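Following the hints, position chain B against chain A.
2 protein chains.
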Amino acid sequence: MNYEKSIATKIIALETAALKKWNNGNPSGYLDLYTPDFTYFDPFQEKRLDGFDKIEALYEEVSGKVRVDNYEMIDPRVQATGEMAVLTYNLLSYTEETVYKWNCTEVYKLVANEWKIIHNHWSLIKPV
Amino acid sequence: MNYEKSIATKIIALETAALKKWNNGNPSGYLDLYTPDFTYFDPFQEKRLDGFDKIEALYEEVSGKVRVDNYEMIDPRVQATGEMAVLTYNLLSYTEETVYKWNCTEVYKLVANEWKIIHNHWSLIKPV
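In order, the protein sequence lines correspond to chains A and B. For what it's worth, the working numbering labels the leading residue of the first sequence as 1, then goes sequentially. For what it's worth, the working numbering labels the leading residue of the second sequence as 1, then goes sequentially.
Just so you know, these hints were derived from the structure itself, not from any lab. Computed from a predicted model, the values in this text were never measured in an experiment. Some clues are possibly wrong.
A pair holds if it fits inside one copy or across any two, identical chains being indistinguishable in the list.
[Claimed, not checked] Distance condition first, Cα-Cα at most 25 angstroms in a straight line; then the derived DSS-like pairs of lysine-lysine: (1) Lys101 - Lys20; (2) Lys20 - Lys116; (3) Lys109 - Lys10; (4) Lys126 - Lys54; (5) Lys47 - Lys5; (6) Lys126 - Lys5.
If we strip away everything but chain A, and leave its shape as in the complex, we get (with noise of 0.2 angstroms):
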């Protein structure tokens, strides 16, 4: 499918240009993504995050502290319709002193015409 294609080749765009910003401790490429009813889980919540204004103050909270030197995004991979695609893949990030091992669901969704993410989860691989 052609249009899967090129929906994939944006949203990765999209995704890869937020995850730089991410490790070098600026979220505003996530939060420039996210839309008013945003859905959040990642492995330090109790519960999930509802609404773009959550999201906002947990990220203020860890703005300027994440430090990635390198990263890589293992086999990102795309599903998707007209206006709604999941983008899945695994992620390791690299510090001075660990590898973090991770598995990342990102929702997309066309907003005027804008690839927006309504949904993510985050997860770390094997934890158990």
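What follows is chain B alone, placed relative to chain A:
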């Protein structure tokens, strides 16, 4: 949005039926919903599983072994377009010995007029 509400009702009913079977050691409810291009994350895999055959093999191993006595599906939420939808919820699974706390993301897609699952991401709450 009324169409979103109607999609939400359908999808939560499908998920609940599959989950109830799962909790009795029967993965067939989920397997009936997964598409051939299904993708999957859980906390026990080294990387994403791609394709129906892989998940079928994994579920064959656990078939008959899961026994959840009681569960709570907390605050299920559906964000939808006409052809695709993401269901998210927190899940508490009670067994005799312990309670497992989960984050769950399910991406549904309309295939030949039926809602099917194209992606699933399970992770444990606060494993770190």
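Okay, the hints, checked on the actual structure:
no.	hint	in the structure
1	Lys101 - Lys20	within (16 angstroms within a copy, 31 angstroms between copies)
2	Lys20 - Lys116	within (17 angstroms within a copy, 34 angstroms between copies)
3	Lys109 - Lys10	both (12 angstroms within a copy, 21 angstroms between copies)
4	Lys126 - Lys54	between (27 angstroms within a copy, 18 angstroms between copies)
5	Lys47 - Lys5	between (34 angstroms within a copy, 22 angstroms between copies)
6	Lys126 - Lys5	neither (31 angstroms within a copy, 35 angstroms between copies)
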